[in-house]
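2 protein chains.
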Amino acid sequence: MYSPLIDELIDALRCLPGVGPKSAQRMALQLLERDRKGAARLVQALNEAVEHVGRCQLCRTLTESEYCEICANPRRDNQQLCVVETPADLFAIEQSNTYRGRYFVLLGHLSPIDGIGPEAIGVDQLMNRLVEENVSELILATNLTVEGETTAHYISERARQLNVIVSRIAHGVPMGGELEYVDGGTLAHAFSSRKQL
Amino acid sequence: MYSPLIDELIDALRCLPGVGPKSAQRMALQLLERDRKGAARLVQALNEAVEHVGRCQLCRTLTESEYCEICANPRRDNQQLCVVETPADLFAIEQSNTYRGRYFVLLGHLSPIDGIGPEAIGVDQLMNRLVEENVSELILATNLTVEGETTAHYISERARQLNVIVSRIAHGVPMGGELEYVDGGTLAHAFSSRKQL
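Heads up: the sequence lines are chains A and B, in that order. Numbering of the first sequence is given in the numbering used here, commencing with residue 1 and proceeding in unit increments. Numbering of the second sequence is given in the numbering used here, commencing with residue 1001 and proceeding in unit increments.
Just so you know, these hints were derived from the structure itself, not from any lab. Heads up, some of the hints might be wrong.
Output of the computed footprint for chain A on chain B, the stretches with three or more beta carbons under 8 angstroms from beta carbons of chain A [unchecked claim]:
no.: 1; stretch: 1002-1008
no.: 2; stretch: 1039-1050
no.: 3; stretch: 1086-1092
no.: 4; stretch: 1152-1162
Here are some of the chain A residues that sit facing chain B, going by a computed Cβ distance under 7 angstroms [what the hints assert, rightly or not]:
no.: 5; residue: L29
no.: 6; residue: G38
no.: 7; residue: L46
no.: 8; residue: P87
no.: 9; residue: Y99
no.: 10; residue: M127
Here are the simulated lysine-lysine pairs, DSS-like style, with alpha carbons at most 30 angstroms apart [said to hold, decoys possible]:
no.: 11; chain 1: A; residue 1: K37; chain 2: B; residue 2: K1037
no.: 12; chain 1: A; residue 1: K37; chain 2: B; residue 2: K1022
no.: 13; chain 1: A; residue 1: K22; chain 2: B; residue 2: K1037
no.: 14; chain 1: B; residue 1: K1195; chain 2: A; residue 2: K22
no.: 15; chain 1: A; residue 1: K22; chain 2: A; residue 2: K37
no.: 16; chain 1: B; residue 1: K1022; chain 2: B; residue 2: K1037
Since the structure is predicted, the reported quantities are computational estimates derived from the model, not experimental observations. For every residue, glycine included, the Cβ atom is placed at its ideal position computed from N, Cα and C.
Please construct the entire structure, taking both the sequences and the accompanying hints into account.
The following block contains the structure:
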């Protein structure tokens, strides 16, 4: 119903996560009617990012430099290495201001059904770092999903052969969470991981 | 926390309507981690649309041609002209398959507080069309908001001086709407616009 170029823009916007036909239409019209400057800026930013952003040589997070800010920071603790699935997970941990060690980003999780094995998530690279950097503790912060747990289990087995202490972040009832509204899986986890006082 | 190019991309994505910091972050990472092809296609579509899409010479809707598909279609009824605020409104009416006449898109509504007067929404151009095309009925389909009503009122006054029949689309309880859940303003409108059977 719209002209071909507008239809193509609406279609192209749907590659964005969480954007369906209605919001894509709204976005396209908003950009064309009222914000062509914003659209030009978006084109520029997308071009630059797609062209230059690659992976950090050390931790595999997304960055346009050879090493990301955290890997390049000499004041981060070399003794601890935290494994996360995605750059967004790394960001969330950094935001909490709770951890001063270094990271390793898997960029995914083990998923044999999709053909994602240990090489795809860089487990060998991770093991090399454990040895080369003399890491004393490996903290597994993969998600509490079937795939995340499998990945954590696999990595912990591999790391234990190198005599590295392996830990897993705690899972349970979140802060401010009311038991009444917490799901059964989380509650089960909170009970089985209970600590003696 | 992300690298500068990623931060800039996240920022640029926020020009899209309904996209806050969290979704912008999710979009940027999704594009960079998993869908660079989609990002390239989006760049291409944005570029083409921003460069080529302008306004239809006749009805002011967005199109890359001189005249939009509807204005260029000789089989549309010249006798009726429907006034809408935006291209999305035009699209919604076309989707309903109920109207075979032509359109005029205001691309906005009268809003003296924002400095939007009759020239900005092309009222003179609209009046010229009424005369030149010998339109017999002008259908006002602006929104049922203060600005939309003001705009409809202003246009109807102007059109009446040209001896054109002016009508306004009906407002009331929507189809399938249950009275219990319809807002008071709509109910009041439905009562005051009641028809004798």
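Quick rundown of the hints versus the structure:
Counting residues of the stretch 1002-1008 of chain B whose CB lies closer than 8 angstroms to any CB of chain A gives 6, which reaches the minimum of 3, so the coverage claim holds. A count of 12 residues in the stretch 1039-1050 of chain B with a Cβ less than 8 angstroms from any Cβ of chain A is obtained; the coverage claim is therefore met, three being the minimum. Interface restraint, the stretch 1086-1092 of chain B with chain A: holds (4 residues with C-beta to C-beta distance below 8 angstroms; minimum three). Judged by the Cβ-Cβ criterion of 8 angstroms, the stretch 1152-1162 of chain B is not covered by chain A as claimed, because only 0 of its residues qualify and three are needed.
Evaluation of the L29(A) hint against chain B yields a held restraint, the C-beta minimum of about 6 angstroms falling below 7 angstroms. The interface hint given for G38(A) is met, as the beta carbon of that residue sits about 3 angstroms from the closest beta carbon of chain B, less than 7 angstroms. Annotation: interface hint on L46(A) holds; nearest CB of chain B at approximately 5 angstroms, less than 7 angstroms. The beta carbon of P87(A) is positioned within 7 angstroms of a beta carbon in chain B (closest approach about 6 angstroms), and the interface hint is therefore held.
Because the beta carbon of Y99(A) sits about 13 angstroms from the nearest beta carbon in chain B, more than 7 angstroms, this interface hint is broken. Hint status for M127(A) relative to chain B: violated, with the closest Cβ pair at about 23 angstroms, above 7 angstroms. For the hint linking K37(A) to K1037(B), the alpha-carbon distance of about 23 angstroms falls within 30 angstroms, and the restraint holds. Note on K37(A) and K1022(B): the hinted pairing holds, with a Cα-Cα distance of about 22 angstroms set against a maximum of 30 angstroms.
Proposed proximity of K22(A) and K1037(B) is supported: the alpha carbons are some 22 angstroms apart, at most 30 angstroms. Under the criterion of a C-alpha separation no larger than 30 angstroms, the hint pairing K1195(B) with K22(A) is inconsistent with the structure, at around 34 angstroms. Note on K22(A) and K37(A): the hinted pairing holds, with a Cα-Cα distance of about 22 angstroms set against a maximum of 30 angstroms. Distance check on the hinted pair: K1022(B) and K1037(B) sit about 22 angstroms apart at the alpha-carbon level, within 30 angstroms; holds.
Checked against the numbered hints listed earlier, the structure breaks hints 4, 9, 10, 14; every other hint is satisfied.
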